[in-house]
Structures are given as structure tokens and as C-alpha cells.
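Undergrad: Single-letter residue listing:
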Amino acid sequence: MALIKIDDQEVEIAKGEVVINAAKRVGIDIPFYCYHPGMKIVASCRMCLVDMVGMPKLMPACSTTVGELPPGKKLEEKYDAVIYTDNDKVKTARRAVLEFLLLNHPIDCPICDKAGECKLQDYSYEHGNHESRLIDPKRIPEKKDLGPSIYLYTSRCIMCSRCVRFTEEISGTEELKVTHRGWHAEISVSPGKPLDNKMMGNVVDLCPVGCLIDKHEKFEGRVWNFVQTESICPGCSKGCNTVLDTMKHQKLNLEELVDTVYRIRPRENMDVNQWWICDDGRYHLEGDKKKTRILVPHLRENGALTETTWFSAVAAVSEKIKSAGAGQVVFIGSPYASNEENYLLGKLAKGLNAATDVSKPIFGDTQTFKTDMNKYPFTIESEKAPNFHGAKNALGLTDSKIDQSLSKKVVVLLGSHNVDLKSKPETLIVIGSFEDAVTKQADIILPAALFTETSGTYTNKDGLVQKFNKAINPPGDSKAIWQIMINLAQASGQDWYYETVGDVAKEMIQSVGGFKSVDLGTLYPHFVLQDEQVVA
Amino acid sequence: MAVSVKNITVPRGKNWVDNTYIIPVIKGLIITLRHMFKKPIVLYYPENKKVLPPNYRGLHMLTRDEQGREKCVACEMCSTACPADCIRIVANDSGDVWKDNFENREKHPIVFEIDELRCIFCGMCVEACPEDAIDMTDMHNLADYTRQDFIYDKERLLGVYDEYIKRHPDHAKRRDGEFKAMKNSSYFSVVSVENAKKPGGH
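Chains as they are written, first to last, in this note's numbering: chain W, -3 to 532; chain E, 13 to 214.
Since the hints were derived computationally from the structure, they do not count as laboratory data. Predicted model, so just to flag it, every value in this text is computed and none were measured. Ideal placement from N, C-alpha and C gives every residue a C-beta, glycine not left out. Among the hints, erroneous ones may be present.
Quick look at which bits of chain E chain W covers, simulated, 3 or more residues with Cβ under 8 Å [stated by the list, open to error]: (1) 95 to 105; (2) 117 to 128; (3) 166 to 172.
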């Protein structure tokens, strides 16, 4: 360990650690574009130049490491390095670097989707020159179509080469390359080989400026209007940490609030997904847009499904269950629903002396992105459901026996994913969100909220329990599944009620064996706060 | 509550002339008579209209460029700056038709609505606009039958511009890029009153 002084602060720096990280630890933000902790260091943007005592020139903080000096040669008698990040020399250098970066920049912030989260904007305001001394016309090259979902606005590029390194080091697909030389340098793809892999969406997040733009999100909304919600990707059993960007905007002529999830971004979690998510997760909601959402409860009357109210639909469910008899009812949980929802389904079934089961997840291909340079290979799991392990745990089952269960008289299905009905049960009750082959045969449909519209926890393939949060309100009359379970329980004469989904989690963690090791406080911090208040 | 009685004496004049108040009445009439021969300061409103200064903050307009396209690129700066939250914009790709060589305009609004009833006419949207696309006119006599009619959509706001340009052809020059030059010269200092009819006397 070496002791260094950055501005006025002392910080210990490990062998091989770069100065920019050590500075961040003591709250000094050194501006940078090309540096990324997950990728190789190139120090090409020159934005992070700092003044190091004893060095003839300014040093890039992202690639400079510090070793220990012999005892007699320490600077100021105790430091191994003295670094200034804010003196006039550094400020002049930053201003000069920004002037070069902005030399041919089109400054089309009004039409650029990155505006608001653009580092070029932020640093120009903070460190820049605020005017251009260029008298010649700017060189503005055309935008390029890199592949099925990415545009490259060549003129906005600052050549940090983060995207190029990503395709070389993380995805290993090597589509992107720097072509031409000098100030004609551009990011390009080879002819006939577009940027097309399952990780390509990450280059858009990596781009510090608005050069790489996602076709799905182009002109969808301005980033400063977005509200961030922490969530978990439901695409596969890996359980990637994500951020949902939502926006509440008012329709002037309707006076109603419309909220939509605009994009899904990765959230850093070194144990699960590091900095990345795959495109299956990123564009997860694109597929849902094509399906028809069930917005109101439906009841089959005279052979046709008709819209009805929650009251009559829930009453019909409890009546059907009562008339069928104890041995003929089965409640089938879902690997697509949260732990809490499956737990309540099990509790409801237990109260009615009914059997429980869980439907099987959809299985797809496993894809691993592995390169020599990447410490953490990224795997897209084959099990395309977020919570199969958690659902089994919450219901106390070891495996799915859905084929046997579907032969019972009354079947209550939680979600209709991957359910293959060979023959229709006498009564089929579906708690689902989208119209499909199963819901068409159902006798009663109760509309359920999606993962963006409720809170809960998923257990990933490694047994890690992670919480996702409610970002938007459920559309129409649809309700969160845990609320539907409470309604069904009360209609069938069981006396339990939960104020929030956190109360369900608290009871589940205390009573179900599989969740004993889960720390409630990390998932639902308000419970810890409550306990502290009681003590005080 | 008890009623208290207070006796007051009315001040009397020194003589009978003071007591009849004739002199103050004549003094007042002189002021009235003097104003009869002065230039009136009121207007016969609907027939004669006051010419308002160019920086008057009235109804909004969406301006057009030389080719008649809306200048707005749907950057949502105005709706962000708006303290009354009365602007709603939905952006869309304008395709290759709208693409200039230097001035890249591939984004434009498909919905641009201003709720003029909610608007407080502060002019922040005009200040925030980086494209000089929204401006305010001297139109202030907004009247309509329903609240819905006060939500001005894009076509209506562009129509306001067309009408405004017809009435103020000198502002068309300003729209053509001479804004700065005019701002430095007589643009903001001189208000033309020649077009207005001279109001008649009593």
C-alpha cells in the first residue's frame, strides 16, 4: 500500500490500482471518457490528466499507478505521490482537451437523445471553454446504420473507443473497429458484418456522448423527465440487476396520467451481472407491446367470455372451488411470479385443503460471452424464467408435476406461460396478463400486474434473493397478484390480510425454510427502521 | 355592546361664500373643461386598437423556416422550462425529407399542445428555445366557448404565425435571420402608431 495525497486528502492506494479510483474513494471526481472499470485501459481521451509532483508532464489518472518510494525519498516526508487535480495547469489542459473534442462536434443537443446524461455536455459546462475558436466549417460526416438496433452518429463521436473495446473484450464478437487515421478516424463495421449480437445494447450505455443511439429508444423522451426504479430482469434465471426508466406525463386534453416504461438499463452488481445486461432483457417489454393485455376480469357466461367486475369474478372463483370438493382443486404457481405471490398462493391452497403445483419454465439456448480479457464471462441462462427456484421454495415443492395436476376438476393457474393444455379441465381459472391460447379456454380470467407494476422478490439460479420495485401503476382494472390472493382468501372465508408486499415477505422469510438465510432488512429497509423506532 | 355617543361640530366657513362651496365646484369644473380640449388617452377599443410593443407577451406561435417547415425540433426545452406545465410535446423522426446538409433536422414534433388557460404568459418557453421556434405575439383577445378550445395544437400554433406574419411583415425579416441586426437598431425602440386610426373627440 502506498500513501498518496490528492489535492488536500490522503488516501491509501493498492498496488496496481489507478489514481482515478483512489480519488473517487475520497470524493474527488476526475472527469473521464474512455476509462471503464470493466475494460482495458487505453488513456486515449486525455480528459483525466492530473498534475503529479515530480513528473515532467501531466499524467492520465486512469492509467497511472503508484508504487512505494524508499523511506528517505518520500515526498513531504510521508507521501509516495502528491497529485493535484484542480490547479491551473490541469484546468488549462481540460479546457484544451474539450476544445479539441468539440472542434467538429455538431452541437445538435436539441435533437440528441443523450442530452441530459451526456458527459460531453456536463464537462463542457464544468471545465469547457464555452465558445469555439474554429473559423473553418465543421466536418460533419453522415450517420451510419450499424445493425438491427444501433445507429452511429459519426459526427458526435469523441473516439473514446469504449464500444470497440466492448465488442473485443466483453462480447468477443469484434464487429466494431476504428477505421481511417488522424482526424478522419471513425467507428465502423466491416461490410456484410453488422453489429448484431445479444449484448449490443450495452454499447449505447457505454457511449459517453450521443454517438451510439438505440433505435428502440430514439426520440422516445428526454432523459431528465425519466424516473428511475431499481428492478430485476425477469428474462432468465440469472437475475440481472436493472434500472427501469419511467415517465409520468400528462395528456393535456385528457387530464390523465400516463406512465410508461421507456427503457431498461443495467445496474452494477459485481456478483451477478457486473455492468451489463443482454438484449433479451433490455428489450423485454418490446415483446409485450405486441400482445393484447387483459384489463378487466372476465367470466364465461353461456359459453362466451364476458367482462365483469372484480366482485363477481372473485365470488365465482370461490364458489367453483367450494362446489368442486377438496380433492379436486389444484393451485398452480408460476416461475414467472415473485416469491411472495407464490407463497400466498400456497397459503391460500393450504387453507382450502387443495393441492399445489408449479408450472415449468420455458427453456431456450444458453449463450456465454467469454474472452481472454474478461474476468467475468457473461452467461444468458437457458431457463427463461426468473424465479423457478424461488417458486418451488415458496410452495414447498421439489419439482413440477403439471401434467398430472391439469387432470383435476378445478385448476387455478398463476400465469399462462408454457402451459400446454391437452384437454380442458372442468373449470379453468387463469390469473394472467396477456391473451393467449390458455386464457381463451379459461372460465374465469383475473387480470394481473406485470413485474414493472408491483414489488416483490425473485430467487435466481444461485439462490440469491433480489428485490424488484414497482415503477408504474397497473393498467385498467388489473391488480398485483398478491392483492388478488388476499381477495380470493377473503372471499373463501380465510382471515388474513397484508398491508404491503413487504408484510408478505416478512412472514414468508420467517415461516418458509428455504428463505431462512435471507436478510429482510436488505430487501425491505423500512422493517429495520420500524424495529429501531420501537427500541427508541 | 354599549353604544357611545360623540358630539362633533361641523366646521363652518368664515363667511357665506365658503359655506355655499361655490369656489371648489368652479375649480373642479375648470379641470373638467381643460380635459375637454386635450387629446384623449382612451381608445374606442374594437374599432381602434393600440399597437403593442414587439416584446409583448401574448398568444404563442410556432415559427416556420424559409421553406415553410416548422422550426421546432421537439427538444422539450420549453416544456421543461414551463412553470405552469402547460406544454406537451411528442417527438418523432422526420425522415430524410427534412434533412439539410449542415442543419440536421431529423426530429420534429408530431404533437405540440399548449394549454393557453393554464399558461401564465411568462415567456420562459421563448427564452429556453434553442431554435427560435416558439415566440409570443401581440394577440391577447383570446376568447372561446369551451375549455377544450384553449388547447392549441401544432397546426393552430403555426396558423398563428402565418396570421402574425401577414399583419407584421417586418417580423418576417426577423424570422429570416436578421433578428440580431434589427435588435441592435430601431427594432425595439420605435413603435409605429401611423396605422391606427386617430380617435375622435367628444
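Undergrad: Enumerate the violated hints, using their earlier numbering and listing them in ascending order.
TA: Going through the list in order, the structure violates hint 3 alone and respects the others.
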